[in-house]
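**Student:** Each chain is listed here by its residues.
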Amino acid sequence: MVETINLYKDYKVGKVLFPALRGVSVKIEAAEFTAIAGPSGSGKTTLLNIIGCLDVPTKGDVLINGTNTNKLSSKEKATLRKNEIGFVFQTFNLIPVLTAYENVEIPLILLDMTQDKKRENIISILEEVGLGEYINRRPNEMSGGQQQRVAIARALVKNPSMVLADEPTANLDSTTAKEILGLMKELNEKHKTTFIFSTHDQLVMDYAQRIIRLRDGKVVADKTKKSEGPGDSS
Amino acid sequence: MTAVKLAWRNVFRHTRRTVITAAAISVGLSAMILMNSMMNGVDKLASQNIIDYETSHLEIFADGYYREEGVFPLDTIIDNPGLILKKIEQISNVKSVAPRVKFQASISNGIDELPVIGVGVDIKKEKEVFKIVNSVVKGSFLQHEGDVLIGKDLSRDMDLDIGSYLTIITKDRNGTYNAFDLTVSGIINTGHPLFDRNAALISIEQAQELLAIFDGVTELSVRVRDDRNLVRTKERLVQAVGKEYEVYTWRELNAAIFEISGFKRMAQFMIALVVVIIAAVGIINTMLMAVMERIPEIGTLKAMGFNNQGIVKMFVYEGGIIGIFGSLLGCLIGLLLSLYLVHFGIDMSAMFGNADIVYPMKFIIVGEIDYWTVLSVFLFGVFVSVFVTLWPVRKATRLQPVDALRHV
Ligand SMILES: Nc1ncnc2c1ncn2[C@@H]1O[C@H](COP(=O)(O)OP(=O)(O)OP(=O)(O)O)[C@@H](O)[C@H]1O
Ligand SMILES: [Mg+2]
Chain A
3 MVETINLYKD YKVGKVLFPA LRGVSVKIEA AEFTAIAGPS GSGKTTLLNI
53 IGCLDVPTKG DVLINGTNTN KLSSKEKATL RKNEIGFVFQ TFNLIPVLTA
103 YENVEIPLIL LDMTQDKKRE NIISILEEVG LGEYINRRPN EMSGGQQQRV
153 AIARALVKNP SMVLADEPTA NLDSTTAKEI LGLMKELNEK HKTTFIFSTH
203 DQLVMDYAQR IIRLRDGKVV ADKTKKSEGP GDSS
Chain B
236 MTAVKLAWRN VFRHTRRTVI TAAAISVGLS AMILMNSMMN GVDKLASQNI
286 IDYETSHLEI FADGYYREEG VFPLDTIIDN PGLILKKIEQ ISNVKSVAPR
336 VKFQASISNG IDELPVIGVG VDIKKEKEVF KIVNSVVKGS FLQHEGDVLI
386 GKDLSRDMDL DIGSYLTIIT KDRNGTYNAF DLTVSGIINT GHPLFDRNAA
436 LISIEQAQEL LAIFDGVTEL SVRVRDDRNL VRTKERLVQA VGKEYEVYTW
486 RELNAAIFEI SGFKRMAQFM IALVVVIIAA VGIINTMLMA VMERIPEIGT
536 LKAMGFNNQG IVKMFVYEGG IIGIFGSLLG CLIGLLLSLY LVHFGIDMSA
586 MFGNADIVYP MKFIIVGEID YWTVLSVFLF GVFVSVFVTL WPVRKATRLQ
636 PVDALRHV
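Going line by line, the protein sequences match chains A and B. So the mapping is simple: the numbering used here equals the position in the first sequence, first residue as 1, plus 2. So the mapping is simple: the numbering used here equals the position in the second sequence, first residue as 1, plus 235.
Hints in this document: simulated from the structure, not taken from any laboratory. Treat each hint with caution, since some may be false.
As a list, the in silico DSS-like pairs of lysine-lysine whose alpha-carbon atoms are at most 27 Å apart [to be verified]:
| # | chain 1 | residue 1 | chain 2 | residue 2 |
| --- | --- | --- | --- | --- |
| 1 | B | LYS240 | A | LYS84 |
| 2 | A | LYS119 | B | LYS240 |
| 3 | A | LYS17 | B | LYS359 |
| 4 | A | LYS77 | B | LYS630 |
| 5 | A | LYS79 | B | LYS387 |
| 6 | B | LYS279 | B | LYS322 |
| 7 | A | LYS187 | A | LYS228 |
| 8 | A | LYS227 | A | LYS29 |
All chains, please: the whole structure from these sequences, using the hints.
**Tutor:** So, in structure tokens, the structure goes:
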């Protein structure tokens, strides 16, 4: 469960402060599949970064499973990210010198787990994202869609309570984007992992069960669909 | 996959850069090792020359005789060596004792006159203590009254050969000038400049006559069986001979030379320091580049839950791996070069010519490897590599994860 309470974020641009978030309060329950939508510059990335403890708010609080992240040291935040949060980036952010398998292995470096268990988890998640055949490929030997699948596997391999994905499909063509979203939805249902992703792509939004719309740093709409699945317009 | 393995992969992202950095380290370290081997070799050879030709392991003088090197006072000599010889020879570690008479003199070939150190040697005992006998390259060792042995450099400088005549002139104990005509019976080549260039060896009886000191000798040189604990043997000797004599080890008698050697080591250390600084700058530069170009990646790792400590660890391993490579290579090259020195040596005489040298050896440097130094140099190289990596890494860990991720 994630809750933001009256979240403000000001960026300093030169000498003036630019408000990127202006009082965002949202509550996202476990196992939700939620999109943060809004035009460019509306504060989507800023919000996701603050939820993910990658950045600090100027004002307001974030509660993750009841823990107020404002009160955590940077080391404790790292531990929280290690155990609870998986990230998927717009630019994939795979480590180029590592194979798909090794990239997925990275989050597990930090966890106490037997070598066999690690191996089992990595193989099974890579198979789930459809890359069973590609485990020994390096990022530069894979398509964008395949790379993003690796990134999703990497986010999920440690079985976090939530996955944060900032425009996960922005660098993919629409067919691949749909595939990736389909995959994320599937994993969300199977693992009961909370997914929060941002997008300004209508097609991608259609997959979401709930859409939180931002504009100029404020929530302007928050809709939850009754029936699930793509195709419904909101 | 472990942090070490990840670091290992990162090391090989830029193989060329890694190789160049490791090479810089290895050049520095191999220079350190080579220099050390040279210094050790120089010291060892000098020590050997001192022991084999100049002082042997221990020397006994009359109390008050020894003031400084190169001064040979005749007023405080051992007037009756027979009194203590037996006592000395009875000490178990003593192999042999040889008396010598050293004195300031000059020799003349009729045209030129040169100052030398006259050395009166006991023809029989000398062979048991010193190695001059083995260094005769032309003619033969002293045999008759009136024979003189000179070094090969002196024979060249004064145009003397086997059978040549020379006159040795000195002031005797009473301050009267005395001279003898001598025949060159042999030419020696010891590698010790004092003996090759500056000494004239005659029989001890002749020296005693020349100096009017009767049975007196200036020193008793003692060769031991086991030279590992000279200080203890010295104590025994002091006990045996009593207060009227003084006993010195060869090292004490040559303190000045080893002071020079200490100074050389200091110079060596300074050069090494410069080399190491260059190597350190190389690795700082490499690690700085590695950190800067991977800042977004550091952000990604932080997002996945790595804390600063984890990031630092990864880069420290990376610097350490490069350091281990460079240090291993450096030690290997240093060892190989040193081994060459040990087996072949290098002739530096062309560089130094015949300049007067204080060091009791010729400028043919033969290496002597000290494996502890090699090990310390290796550990030092790795330590420095790891240590200097900390600085660039700190820069990266100061960033918020989001700033690291956004960094381009
Ligand atoms: N580091 C920063 N410094 C200054 N201003 C920033 C910074 N990051 C974001 N902003 C500003 O804050 C506002 C919100 O940015 P944010 O990146 O959250 O928007 P977004 O909704 O993710 O946009 P996009 O769809 O283009 O990714 C923008 O106007 C942006 O210019
Ligand atoms: Mg954005």
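**Student:** Could you run down the list of hints and mark each one as holding or not?
**Tutor:** Do the hints match the structure? See the list:
no.: 1; hint: B/LYS240 - A/LYS84; in the structure: 20 Å, holds
no.: 2; hint: A/LYS119 - B/LYS240; in the structure: 19 Å, holds
no.: 3; hint: A/LYS17 - B/LYS359; in the structure: 98 Å, violated
no.: 4; hint: A/LYS77 - B/LYS630; in the structure: 17 Å, holds
no.: 5; hint: A/LYS79 - B/LYS387; in the structure: 82 Å, violated
no.: 6; hint: B/LYS279 - B/LYS322; in the structure: 31 Å, violated
no.: 7; hint: A/LYS187 - A/LYS228; in the structure: 16 Å, holds
no.: 8; hint: A/LYS227 - A/LYS29; in the structure: 16 Å, holds
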